Amino acid sequence: MKLTDFRNLGRASLGLLTLGLSLVAGGCGESHAKEALDARWVSAPEVRDLMVESLESGHRTTVARLQEVGVAAAVDDVLAVDGWQLHDLSSRALVEELYLRAEAAEAGQGRKLLASIYVDAESRFGALREDPRFAELRGWARELGSSADAGSMRFAPHAPNPGRLSPAVQNAVDQLAYVCADGNLSQVRDLAEKVFRKPGFSFDRAVAESSNARDAIARMVKAGAPPPEPARAMMELMEGLSSRSGALAADADFLRSVAKLKGELGLKSIDDPVLRGFIEYEDALPSRQNQLAQAALRKVPGKVEVPERAVNRVAQLLDDTPTAGRSSLSKALARSAQHYSDYVSVSFEAADFASTATDAVASGGGGGGGGGGSRPSYETSKPSRNYMARARSMGAETGRKVSRSFRRARFSARGARGVAAGGDVDFPSDVTPIAAAWIANEQDGRFGRLVVSAQGDGGAPRLVASRALFADSFFSALSVLSGAHRGQTAFQEGSVLVLMSMDPFAVVDEQGQSEIDRQFRALEARARTANPNNAAVVEALELEVLRIQMASAALPRRVVHHPALFGRELAWSVTRIDFSFNDVELLSQEGAMLNGGRAMPDKLRSIDLSGAATWQFFERDSRIHCVPEHGLLQVISAPTNGASENADSHFAVTVFGQEPDEETEELPRLESIERQLQGMLDWLAVNHHDYIRLGHFSESFSLLRWLHAEGVSPLILDMDGEAPMIGTPDRIVIGEGPMLPK
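Here our numbering is used: position 165 in the sequence shown is 165, and no number is missing along the way.
No lab work stands behind these hints, which were simulated from the structure alone.
Keep in mind it's a predicted model, so treat the numbers as computed, not measured.
Note that beta-carbon positions come from the ideal geometry of N, C-alpha and C, so glycine has one too.
Warning: the hint list may mix true and false statements.
[Unchecked claim] Ranges between beta-carbon positions, derived for each pair: (1) 281 to 582: 19 to 29 Å; (2) 252 to 443: 22 to 32 Å; (3) 260 to 666: 52 to 62 Å; (4) 164 to 281: 57 to 67 Å; (5) 629 to 268: 17 to 27 Å; (6) 335 to 513: 14 to 24 Å; (7) 252 to 131: 19 to 29 Å; (8) 268 to 400: 51 to 61 Å; (9) 400 to 675: 22 to 32 Å; (10) 542 to 596: 37 to 47 Å.
[Said to hold, decoys possible] Keeping only pairs whose Cα atoms sit at most 27 Å apart, straight-line, the calculated DSSO-like set for lysine-lysine is: (11) 331 to 299; (12) 198 to 268; (13) 268 to 222; (14) 742 to 382; (15) 742 to 303; (16) 222 to 262; (17) 268 to 194; (18) 198 to 262; (19) 401 to 382; (20) 299 to 742; (21) 222 to 198; (22) 260 to 198; (23) 262 to 194; (24) 382 to 331.
Start from the sequences and build out the full structure, keeping to the hints where you can.
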């Protein structure tokens with residue numbers, strides 16, 4: 001390396017000493033921002049709320065019916081004495097209590113009460129006159145005749161312990177409770193008794209022992225499962241409630257179709273051998289070990305854990321226990337979002353949709369934290385004076401900014417400096433999506449599939465599904481499109497979306513950087529007076545260049561992530577990709593751990609990168625292809641650099657030489673190396689966990705943009721809810737990997 005080369009590297013904080021990757025995105029040739037994608041979340045708490053509403057609606061209806069029969073005072077007395085502890089849910093319990101109190105006041109009055117309730121119900125629902133289940137009640141009503149009037153009845157203040165009611169009376173109570181509750185209670189009872197199959201489970205006991213409706217649902221999970229597993233139980237309850245839920249009724253048929261075909265759709269097990277390899281070896285992967293070590297050092301979660309399907313965990317989720325550390329996570333997200341906004345506003349030309357004024361954001365749709373898809377809110381403003389001063393000192397204000405256009409930014413070494421997304425997507429013209437749902441895998445909720453009900457030309461709707469995807473990647477893509485991000489963090493079709501980048505304008509170690517700058521200035525002064533014909537002097541200068549270069553490489557580099565990646569595994573993956581693409585042996589080793597022992601082919605491991613100064617990935621344009629007869633929903637990347645279409649590999653690479661063009665300030669492209677590296681990217685896309693995870697983001701992003709364009713709001717069906725956020729790296733040390741903030 002010549003001294004002039006080193007000087008250029010030093011002026012850029014030695015940012016080009018490492019090879020940068022940029023997955024760049026634009027899209028569909030549109031220049032205006034669309035409205036946000038509206039995803040509807042359904043997790044265990046939402047299912048609980050559906051059940052609570054059904055139960056409480058039934059209770060309210062029952063109270064109203066009984067009051068109209070003429071026993072309002074007795075109903076009020078029961079509720080006043082026993083309050084929420086016993087009767088706020090069970091219509092059966094309320095009817096039974098009134099029967100017992102009437103019977104205690106005067107023998108025979110209980111049957112009179114039940115006959116009165118029946119007469120009132122029959123006047124509302126004529127079908128009861130023919131229903132065989134009410135035959136005995138009809139007989140009591142005829143027997144009592146006009147005396148079946150509850151308005152003049154007396155009730156004891158407390159009901160004695162009755163032991164067991166006679167079968168006839170118990171049946172009458174059950175049937176009248178069903179009618180009084182207008183079917184709500186019966187539906188929840190029937191569903192619960194069908195779903196919870198643990199021996200000894202009692203719906204009424206769970207209700208009676210609960211302090212409120214929400215507690216009752218959690219108690220049912222504890223008392224009634226397994227079998228089935230709690231997450232599976234909540235899914236079955238949701239499927240049963242969907243036809244009566246205002247939010248889900250429109251998709252009830254779609255959800256029933258999905259439920260019938262879960263095995264065929266690959267939602268019950270992980271059928272991808274590489275993903276199974278990841279599950280088996282994830283903690284043994286060297287890159288993951290560093291990630292876990294960093295997290296342990298900072299005492300934060302280091303990875304997305306397999307969702308805990310234990311009864312107590314689901315019951316806790318249903319109890320809405322607040323997530324610990326929420327406030328500190330919100331502040332960390334706000335800092336990360338501000339840093340991202342600073343970097344983008346300084347590095348790129350202003351976009352017509354991006355504001356440099358304060359951007360208040362209520363983030364949501366695809367966030368972390370355990371359900372509902374919500375993230376802490378954040379807001380961004382203009383870059384700070386210190387940041388702007390640093391950028392000006394490096395020529396950011398006087399030099400040419402990079403265009404936000406995907407077509408241009410993907411070929412600029414001064415642009416993303418990392419990983420970005422949004423390549424053009426060609427939507428299918430012969431298939432129209434009708435409904436869609438992300439459904440978590442039952443074996444391991446860290447994975448799932450996007451299932452779509454699609455209408456072909458002249459044909460009946462068919463279900464098609466994506467391949468098994470990392471949920472973390474899917475939720476990242478969902479967050480980008482959810483409308484949770486404004487200003488510099490927003491995505492617009494046609495513009496580059498930076499997912500991750502090295503930031504040369506932000507210094508992590510101020511003291512260390514100052515010392516490197518001092519040594520560099522001293523070296524420059526020596527070089528100006530050195531005799532270029534003295535071999536010993538030149539060699540000494542070259543050794544000093546190498547020493548300072550190594551010292552600089554040991555300093556942490558600041559990295560930025562789009563807020564949609566905050567708290568996610570994807571943030572670690574894109575950072576490792578950016579700075580470890582040239583560590584071919586490590587990539588080969590980790591790929592072999594997942595794919596059954598097959599190392600990267602020798603021809604890919606021997607590509608000569610000595611002429612490259614930096615590189616960046618960009619997302620290849622793609623098209624969505626539906627194969628209804630096979631149930632496949634594919635994203636197929638377009639050819640780039642002589643490569644063929646590919647349904648697995650979604651990235652190409654731009655490689656740059658070392659000498660910048662004086663007029664454009666851009667580094668020259670090395671297209672011959674780019675063509676060679678495409679084969680390596682194709683191999684990594686199906687063998688290495690970081691590249692697979694990033695590829696899954698690309699597929700999710702394309703599919704969600706298709707749904708968005710067609711006006712289809714996807715359901716997010718994950719009974720465990722999203723995983724809690726994990727620690728997010730904000731720096732990297734060359735040769736060591738990503739690091740968490742101190």
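The hints, checked one at a time:
no.: 1; hint: 281 to 582: 19 to 29 Å; verdict: 23 Å, holds
no.: 2; hint: 252 to 443: 22 to 32 Å; verdict: 26 Å, holds
no.: 3; hint: 260 to 666: 52 to 62 Å; verdict: 56 Å, holds
no.: 4; hint: 164 to 281: 57 to 67 Å; verdict: 58 Å, holds
no.: 5; hint: 629 to 268: 17 to 27 Å; verdict: 22 Å, holds
no.: 6; hint: 335 to 513: 14 to 24 Å; verdict: 20 Å, holds
no.: 7; hint: 252 to 131: 19 to 29 Å; verdict: 26 Å, holds
no.: 8; hint: 268 to 400: 51 to 61 Å; verdict: 54 Å, holds
no.: 9; hint: 400 to 675: 22 to 32 Å; verdict: 28 Å, holds
no.: 10; hint: 542 to 596: 37 to 47 Å; verdict: 46 Å, holds
no.: 11; hint: 331 to 299; verdict: 17 Å, holds
no.: 12; hint: 198 to 268; verdict: 21 Å, holds
no.: 13; hint: 268 to 222; verdict: 23 Å, holds
no.: 14; hint: 742 to 382; verdict: 25 Å, holds
no.: 15; hint: 742 to 303; verdict: 18 Å, holds
no.: 16; hint: 222 to 262; verdict: 26 Å, holds
no.: 17; hint: 268 to 194; verdict: 20 Å, holds
no.: 18; hint: 198 to 262; verdict: 23 Å, holds
no.: 19; hint: 401 to 382; verdict: 17 Å, holds
no.: 20; hint: 299 to 742; verdict: 11 Å, holds
no.: 21; hint: 222 to 198; verdict: 10 Å, holds
no.: 22; hint: 260 to 198; verdict: 23 Å, holds
no.: 23; hint: 262 to 194; verdict: 19 Å, holds
no.: 24; hint: 382 to 331; verdict: 17 Å, holds
When the structure is compared with the earlier hints, no violation turns up for any of them.
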